[in-house]
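Asks: Residue numbers (numbering that gives the first Met the number 0), protein chains in the order written: chain A, 0 to 336; chain B, 0 to 336; chain C, 0 to 616; chain D, 0 to 616.
Errors might be hidden in some of the hints.
[What the hints assert, rightly or not] If you anchor each label on the Cβ, the simulated ranges turn out as follows: (1) T475(C) with K251(B): 57 to 63 Å; (2) D10(C) with I491(D): 50 to 56 Å; (3) D422(C) with S304(B): 51 to 57 Å; (4) K109(C) with A493(D): 42 to 48 Å; (5) D422(C) with D14(B): 21 to 27 Å; (6) N189(C) with K444(D): 56 to 62 Å.
If you are wondering where the hints come from, they were derived from the structure by calculation, not from laboratory data. Glycine included, each C-beta is placed from N, C-alpha and C at the ideal position.
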Amino acid sequence: MSDKPLLKKADFQSDQAIRWCPGCGDYAILAQTQKTFPQITEDKENTVFVSGIGCSSRFPYYMNTYGFHTIHGRAPTIASGLKIANPDLSVWLVTGDGDGLSIGGNHMIHLLRRNFDINIMLFNNRIYGLTKGQYSPTSEQGKVTYSTPMGSLDYPFKPTKLALGAEASFVAKTIDKELKHLQAMILRANEHKGTSFIEIYQNCNIFNDGAFAKLTDRDTKEEQLLRLEHGKPLIFGIEKDKGIYLDGTTPKVVKIGDEYSIDDIVVHDEEDRFIGDMLANFTESEEFPEPVGVLYCKERPTYDSLMSAQMDESQKGSKSSKGLNELLNAGDTWEVK
Amino acid sequence: MSDKPLLKKADFQSDQAIRWCPGCGDYAILAQTQKTFPQITEDKENTVFVSGIGCSSRFPYYMNTYGFHTIHGRAPTIASGLKIANPDLSVWLVTGDGDGLSIGGNHMIHLLRRNFDINIMLFNNRIYGLTKGQYSPTSEQGKVTYSTPMGSLDYPFKPTKLALGAEASFVAKTIDKELKHLQAMILRANEHKGTSFIEIYQNCNIFNDGAFAKLTDRDTKEEQLLRLEHGKPLIFGIEKDKGIYLDGTTPKVVKIGDEYSIDDIVVHDEEDRFIGDMLANFTESEEFPEPVGVLYCKERPTYDSLMSAQMDESQKGSKSSKGLNELLNAGDTWEVK
Amino acid sequence: MSKKAKIETLDNVTIRFAGDSGDGMQLSGGRFTQTSAIMGNDLSTLPDFPAEIRAPAGSLAGVSSFQIHFSSQEIHTPGENPDVLVAMNPAALKAHLKDLTPGGTLIINKNAFTTKNLKLAGYESDPTEDGSLEDYYSAHFIEMSKLVNLACEGIDLAPKLIDRTKNLCALGVLFWIYDRPLEPTIDWLNKKFKSKPDIVDANVKALHAGYNYADTAEIFTTKYIVNKAKLPAGKYRNINGTLATCLGLLTAVEKSNLSLTFAGYPITPASNILHTLANWKRFGVKTYQAEDEIAGIGAALGASYGGSLGVTASSGPGIALKGEFLGLAIITELPLVVINVQRGGPSTGLPTKTEQSDLFQAVYGRNGEAPMPVIAASTPGDCYYTAYEACRIAVKYMTPVMMLSDGYLVNGSEPWIIPNPDDLNDFDAEFVKENLTDEQYLPYKRNEETLARGWAIPGTKGLEHRIGGIEKQDVTGNVNYDSDNHEKMVQIRARKIANIANELPPTEVFGKKEGDLLILSWGSTHGTCKSATESLLSENLKVAHVSIRWISPLPNDLKDILSNYKNVLIPEINTGQFRQIIRAEFLVDAIGLNEVQGKPLGASTIVAKAKEIINER
Amino acid sequence: MSKKAKIETLDNVTIRFAGDSGDGMQLSGGRFTQTSAIMGNDLSTLPDFPAEIRAPAGSLAGVSSFQIHFSSQEIHTPGENPDVLVAMNPAALKAHLKDLTPGGTLIINKNAFTTKNLKLAGYESDPTEDGSLEDYYSAHFIEMSKLVNLACEGIDLAPKLIDRTKNLCALGVLFWIYDRPLEPTIDWLNKKFKSKPDIVDANVKALHAGYNYADTAEIFTTKYIVNKAKLPAGKYRNINGTLATCLGLLTAVEKSNLSLTFAGYPITPASNILHTLANWKRFGVKTYQAEDEIAGIGAALGASYGGSLGVTASSGPGIALKGEFLGLAIITELPLVVINVQRGGPSTGLPTKTEQSDLFQAVYGRNGEAPMPVIAASTPGDCYYTAYEACRIAVKYMTPVMMLSDGYLVNGSEPWIIPNPDDLNDFDAEFVKENLTDEQYLPYKRNEETLARGWAIPGTKGLEHRIGGIEKQDVTGNVNYDSDNHEKMVQIRARKIANIANELPPTEVFGKKEGDLLILSWGSTHGTCKSATESLLSENLKVAHVSIRWISPLPNDLKDILSNYKNVLIPEINTGQFRQIIRAEFLVDAIGLNEVQGKPLGASTIVAKAKEIINER
Ligand SMILES: Cc1ncc(C[n+]2csc(CCOP(=O)(O)OP(=O)(O)O)c2C)c(N)n1
Ligand SMILES: Cc1ncc(C[n+]2csc(CCOP(=O)(O)OP(=O)(O)O)c2C)c(N)n1
Ligand code: SF4
Ligand code: SF4
Ligand SMILES: [Mg+2]
Ligand SMILES: [Mg+2]
């Protein structure tokens with residue numbers, strides 16, 4: 000960054016009244032984002048927040064940057080087009096588990112494989128908030144909601160696994176209540192050139208309160224969370240005494256001590272897609288702790304940079320100023336007098 | 000099956016003239032399907048082929064069963080509704096890499112996670128055939144087509160990986176030219192209760208000829224194909240002298256002989272999702288052979304069976320015949336004389 | 000104890016309950032409605048929800064309201080300007096005061112007028128203190144929170160819960176003013192909170208507190224009586240449009256021995272249809288929450304293909320997504336019902352408000368020559384009959400049918416004679432029988448009368464056949480690209496839909512059979528137009544009202560009816576979409592009355608406009 | 000050597016080349032076209048492709064054809080019934096013979112009439128042997144395969160490749176009959192196959208073989224001369240609608256100093272727009288193949304939001320999918336051009352055939368009050384001007400614009416005066432300038448004249464603001480749910496589009512300024528209607544033709560024009576969609592002439608209908 004005066008959190012707060020329910024996890028995410036942004040940019044006019052429809056998708060109204068609250072599920076398409084038009088913008092996409100994975104699932108997976116340099120924040124509250132409480136593609140099977148009074152039948156997506164299946168180049172997970180961690184993930188996403196996918200567990204205290212309680216309760220959470228650090232072994236627990244061991248091809252949770260030593264524990268490598276896949280499978284499982292942090296991160300050329308390169312390449316030699324006339328007069332022509 | 004007379008291949012051939020290009024790989028797939036079906040059913044009226052739009056999606060016209068050629072990308076939605084209405088039908092979904100993974104990607108991934116008992120045959124020719132040769136979501140990066148004269152920029156999907164990312168319960172891959180293997184996969188898909196996803200590499204000799212040549216050339220193919228068999232080690236090569244070895248978390252191709260013995264080779268387990276994920280990553284890679292066969296197969300309750308159970312459960316005790324009047328007269332009522 | 004109150008009789012009263020979303024206004028309104036229904040009034044109601052899930056307490060965005068119009072005569076609308084406004088907090092007052100009839104009654108929860116709430120509502124000074132209200136309204140400031148607190152002393156409930164009963168207190172006040180019994184509400188409370196006696200206790204005490212306060216305090220000097228209305232005899236219940244729609248669908252499948260498959264994706268204000276039907280599994284109804292609206296209609300069509308009646312519902316933006324699939328349903332000639340619960344547009348627009356602006360989309364919004372029946376419900380209770388007819392026509396003619404409803408209809412309610420399904424139009428559904436001959440089944444052979452093709456469902460022996468979205472050959476249904484065949488099929492599809500007009504009952508004309516002005520309506524403006532017409536007729540003006548149910552095809556007799564009036568007025572909550580259709584169809588210079596404010600039209604506006612037309616032209 | 004042929008002069012000739020997809024008929028047609036253009040004829044062409052990619056050789060489904068109409072006068076259509084039919088195989092003969100003018104010339108490749116091919120085409124006996132053709136047509140059976148084989152003796156090419164040159168042989172025959180030079184074709188072959196001299200050699204030999212055969216054999220006794228047409232002076236080229244559209248878009252961005260971003264999803268017959276633009280990266284054009292049509296319009300809108308002009312194109316079913324996004328473009332008031340290359344519907348319909356049946360969808364097919372300009376191209380070359388205007392209006396009024404084209408327009412071609420971009424309407428595009436004050440930027444402040452809001456693009460300092468699909472507050476653009484604001488915004492959006500009519504040039508009336516009949520057309524029926532009108536005028540009938548370019552809004556002067564004629568006839572390739580709009584708008588009892596056969600209308604049909612009307616009414 001240059002020597003311009005640093006912006007402050009308040010610079011990223013818009014003048015619009017915030018209309019989420021009191022107690023909603025969205026507030027925390029907004030606050031952390033506003034807090035982090037001064038570290039991300041010194042020109043807020045170059046930042047654009049694009050969203051779909053849902054409680055979470057109201058987010059852009061509250062950021063004092065450019066913002067586009069589009070239509071349900073389609074934010075990735077607008078964000079991609081924006082990035083094509085102006086690759087220099089810093090584009091952030093805010094979506095929900097319904098917006099991004101139900102109606103918008105296709106645009107999401109295609110955005111991930113194309114690898115535009117766009118940062119995705121998916122607020123996963125495992126419910127449709129805005130439409131007042133139907134189950135979502137991340138709701139647990141058997142969920143009782145207005146649309147499923149006897150319990151839902153669909154098997155849920157694991158968003159990080161779907162993202163990896165769609166060839167995402169950066170996949171991370173964090174939690175609304177983990178303020179510092181959330182900030183760190185936002186910074187990491189920003190650093191990553193390519194599509195960054197951050198799943199954020201978010202409490203909807205109105206329609207799905209406590210969905211992530213076991214991951215946020217002070218007393219229990221360290222037994223449940225597998226905090227990922229690149230180059231560090233996959234250990235967890237209040238006493239940091241448990242770890243992930245690979246038994247043949249099969250991961251297992253083991254206790255570090257007599258039988259297994261710390262050296263037997265798998266070491267996290269963000270660039271290893273086999274590890275990324277394995278960690279994504281841990282999501283919401285009985286057997287394994289819940290991984291938070293960067294599951295996978297490996298850069299490859301972004302769509303926008305490839306496109307810029309092609310545009311440059313195509314313009315070598317030919318002058319575009321003469322282009323139109325050249326084209327108009329191409330092919331066989333003849334004069335009528 | 001009962002003791003009804005077995006149907007013959009010809010019984011599954013409709014009277015419609017087939018309109019694929021001469022030499023198209025679709026012919027082989029059709030023939031193998033028609034050949035296999037007598038082993039699958041003895042009542043062809045219970046079979047329905049549903050498709051989207053594309054060359055491949057003309058398939059239902061040629062099967063002498065029920066058939067629905069729907070609209071581009073939406074076959075999974077029709078198939079799901081059909082299965083809800085009548086869970087007893089044997090429903091087959093035929094789609095292409097464009098139909099099923101581009102416009103239809105969302106319905107595809109949701110069908111997989113819901114796990115309706117439907118069999119998907121995805122003809123992957125890595126091109127849009129019907130619209131005359133644009134690149135598809137499975138085309139290799141840099142592909143020169145009408146819409147990408149300087150080469151495509153998108154990073155392709157690996158269909159089996161996407162399917163696993165979407166929680167598919169059965170994922171297999173085969174090739175148009177591998178006639179017996181193709182038949183075997185169709186039979187396996189039929190046996191599997193739940194959504195079966197078969198990716199079929201298919202040659203489009205008009206717009207993408209030879210896309211799979213190295214996997215189908217008699218001389219080279221055994222060096223390239225990793226033929227999966229449950230409970231057998233992952234070995235390949237004309238001499239069956241190469242195998243997949245797991246080095247920590249990282250798979251490697253090794254030569255069986257001095258350094259590595261057959262016992263060091265990973266043994267395929269169709270029910271192991273970690274192996275399934277690993278194999279899916281091998282798709283179209285420089286480093287690894289191309290897996291064909293069943294990558295993953297593990298049953299879990301199907302959407303249709305769960306729905307039937309709920310319907311049954313809900314009808315216990317109450318008699319539906321009285322239902323309408325009960326509902327019409329529910330709540331506070333009063334008489335006006 | 001009770002003071003001696005004057006008693007006056009009124010024909011019509013409109014009350015609006017307004018408060019914060021958490022204040023329980025929908026409940027108060029609902030109970031007042033139920034009690035009035037039981038007392039034999041005719042009535043009509045309209046709730047208005049905030050767009051936010053839980054807007055900050057006390058904010059303008061968080062105000063929720065419920066209006067009830069009740070009468071000793073037949074009425075057709077939830078009323079325009081309320082005679083009584085109950086305002087539970089400053090924001091509610093701010094948002095609704097402008098609608099209160101001049102001189103109307105204001106009932107205010109004084110305790111909510113705190114500095115914080117006043118500021119949230121944007122008041123500079125306290126209107127309950129600065130005298131600004133008393134000059135214009137009969138204003139009553141009641142310390143409801145205090146009243147309920149006193150009344151509930153000794154009940155072992157959190158103070159917050161006790162404070163929540165103030166909606167019952169307000170209700171009690173109104174029950175006193177309009178001389179209504181408390182018992183139905185008490186019974187209902189007992190049933191509703193069976194397992195929570197403390198809650199029942201507190202609520203009942205609060206109700207009495209309000210009633211007694213009104214009875215005792217000096218401020219209310221008059222009690223009003225609104226007598227029984229002379230309504231058609233029958234067994235009644237109160238019903239809203241969502242429930243009526245669902246009951247109509249269920250009746251349709253029960254009468255025809257079909258099964259019902261509903262597939263949809265949540266969207267305001269259509270979601271409640273999904274929620275209601277999801278509870279009816281025990282009646283064989285299958286519901287499916289799809290991944291989006293396209294999948295919703297696709298699954299519904301797939302179900303219809305499989306022999307169950309497929310239904311989907313959505314609102315504007317979701318209906319937009321279904322357009323491509325409607326084309327497929329039209330060309331494959333499968334039954335399907337698509338319900339559009341209209342809301343304010345364009346785009347996301349005003350998602351919780353009502354509007355009639357999707358008519359063009361319903362009639363014209365598809366590629367190609369894609370004719371399709373469109374039916375519109377006119378009142379909450381009429382949704383029942385409309386949904387039933389939509390199903391019947393869909394199956395009889397093997398076609399998708401679009402049913403138009405709207406935010407007002409699904410949420411509004413009215414007393415409703417419980418119908419006897421046996422009285423409805425016959426509804427036979429038959430699948431093509433199995434074919435044991437060697438002859439090829441011909442899926443596009445048609446019934447000569449209806450032009451419908453057969454419903455040949457998978458699983459039936461000998462009917463194996465293929466359908467799809469490419470143009471089909473007449474009779475065989477094979478893929479066919481010929482010019483002449485295409486033209487023929489385009490014409491057949493058009494004729495099939497046009498023919499439906501031949502079975503429509505004669506159009507009802509309310510009012511003069513000929514005269515100066517015909518008020519022509521479709522959909523939910525029915526009630527307002529009828530009220531306006533009644534009022535105009537009572538002034539001996541030569542007017543009539545016709546309410547159109549089938550918009551595509553239009554009834555055959557409409558042309559003649561239109562020709563009997565000097566002028567035609569079409570009131571709509573859009574910029575004139577039906578007017579455009581009527582002009583095109585009949586070359587009649589219909590006049591539009593168009594308001595696009597996200598709420599029902601007012602009868603007085605129509606009356607004024609009608610008079611202007613009659614006098615001017 | 001050359002025999003002495005009679006020479007006759009003709010005004011007009013229509014030739015149809017028909018053969019198997021692999022027979023190279025598009026190439027023969029294209030070369031004949033080019034040569035005729037250079038000779039100064041006016042002309043118009045129409046290719047017709049099979050729906051299948053590669054239908055089996057020799058099958059009816061695999062027939063491909065190309066029609067050219069050339070003349071010494073100005074012409075406007077590719078002709079109806081050809082005077083000459085070239086049939087390269089039995090299937091081509093079978094498919095097209097019914098259209099050949101009675102007594103017309105038949106040129107047949109005798110060698111293709113093998114037993115197998117005859118069977119594939121469904122002939123019981125060989126029509127070149129059984130004498131069934133000679134009585135009705137001037138039939139010539141030429142052994143083209145044999146001729147080219149002989150001619151190419153000694154060339155080192157596979158027999159298959161040599162056989163393929165028979166299309167040049169057929170072309171040679173026609174060049175002789177119509178007295179056209181071979182050089183342009185030979186030059187072209189030399190250029191096209193620069194690196195394959197053997198191919199050039201074989202093709203040139205085949206061309207000469209055909210020419211010489213006609214010159215020598217006794218069968219052709221007459222040569223025909225079609226003289227230069229008197230065309231407006233200028234530099235000409237031949238152009239089809241796809242290329243014209245793309246050039247129009249490029250001209251628009253060059254004149255306005257904008258950049259162009261095209262985002263779309265392949266679909267017949269719109270895909271070629273994507274293909275053409277994809278080749279223009281060197282001119283700064285960005286193209287993006289999206290995952291579906293929704294993503295296509297989304298990306299185009301995103302690009303427009305970012306300050307590039309976003310364009311998308313599709314056909315019926317794909318346009319259906321874009322409806323929801325159009326609503327967002329309308330409410331966010333961003334420029335966007337959506338091109339609909341219409342094809343036969345409904346649903347997948349007839350994907351390779353032309354139709355005008357998406358007009359309703361274009362004008363009405365959205366939820367809510369969603370007005371949007373709709374412009375239609377009238378000839379292949381006119382696509383240039385139409386695309387340019389679509390872009391200009393989109394940017395000037397900050398609105399999405401729908402441009403209607405169709406299968407005939409994009410594939411058909413005509414001679415075209417190369418335009419000078421400087422002569423086009425001015426096109427200024429300006430972004431809002433950065434704001435260094437402390438004042439909040441007001442995104443919904445409007446230009447007083449156009450009512451357009453500012454184009455404030457991300458990256459501009461001080462303009463940070465938020466937009467979206469919920470109703471916006473006037474001026475500030477904030478989310479707003481108020482009734483009055485909503486109504487106001489609905490009206491502003493409508494007025495903004497209606498106002499465009501004020502800048503439209505006076506409508507051109509071709510023919511009598513008043514009289515018995517006005518033929519009113521829109522889109523690609525322009526040429527047919529103009530031809531019909533010319534023919535009617537030449538019989539001194541009091542008729543005129545008006546071709547409408549802007550369908551929404553309609554031109555202000557149309558009402559007066561309509562009132563000058565006793566009757567109005569609207570020919571359309573649909574069941575009367577524009578007629579419906581004209582009736583609604585002007586209460587004029589317009590008469591429809593409607594054919595829905597997947598192909599252009601014939602001028603003679605219109606002439607007949609016009610006479611019937613003039614005589615009857
Ligand atoms: C086309 C369309 N379909 C449906 C809706 C209704 N809708 C709005 S938000 C939403 C789901 C929101 O869920 P999610 O994305 O998880 O967001 P949350 O509210 O939970 O943050 C739905 C179904 C819509 N606005 N548009
Ligand atoms: C809504 C819609 N968009 C686009 C098309 C055009 N279209 C038809 S098939 C197809 C792609 C076909 O590719 P694929 O699914 O791979 O099938 P293939 O022809 O290669 O077998 C496209 C783009 C269409 N028919 N409908
Ligand atoms: S409904 Fe849930 S997600 Fe939406 S604002 Fe309220 S608490 Fe948050
Ligand atoms: S275009 Fe390709 S995929 Fe389609 S039929 Fe021809 S060879 Fe097969
Ligand atoms: Mg959610
Ligand atoms: Mg393909």
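Asks: Could you run down the list of hints and mark each one as holding or not?
Replies: The hints, checked one at a time:
1. T475(C) with K251(B): 57 to 63 Å: Given about 59 Å between the Cβ atoms, the range holds.
2. D10(C) with I491(D): 50 to 56 Å: violated (41 Å)
3. D422(C) with S304(B): 51 to 57 Å: violated (40 Å)
4. K109(C) with A493(D): 42 to 48 Å: Holds: the Cβ-Cβ distance is about 45 Å, inside 42 to 48 Å.
5. D422(C) with D14(B): 21 to 27 Å: violated (48 Å)
6. N189(C) with K444(D): 56 to 62 Å: holds (58 Å)
Of the numbered hints listed earlier, those contradicted by the structure are 2, 3 and 5.
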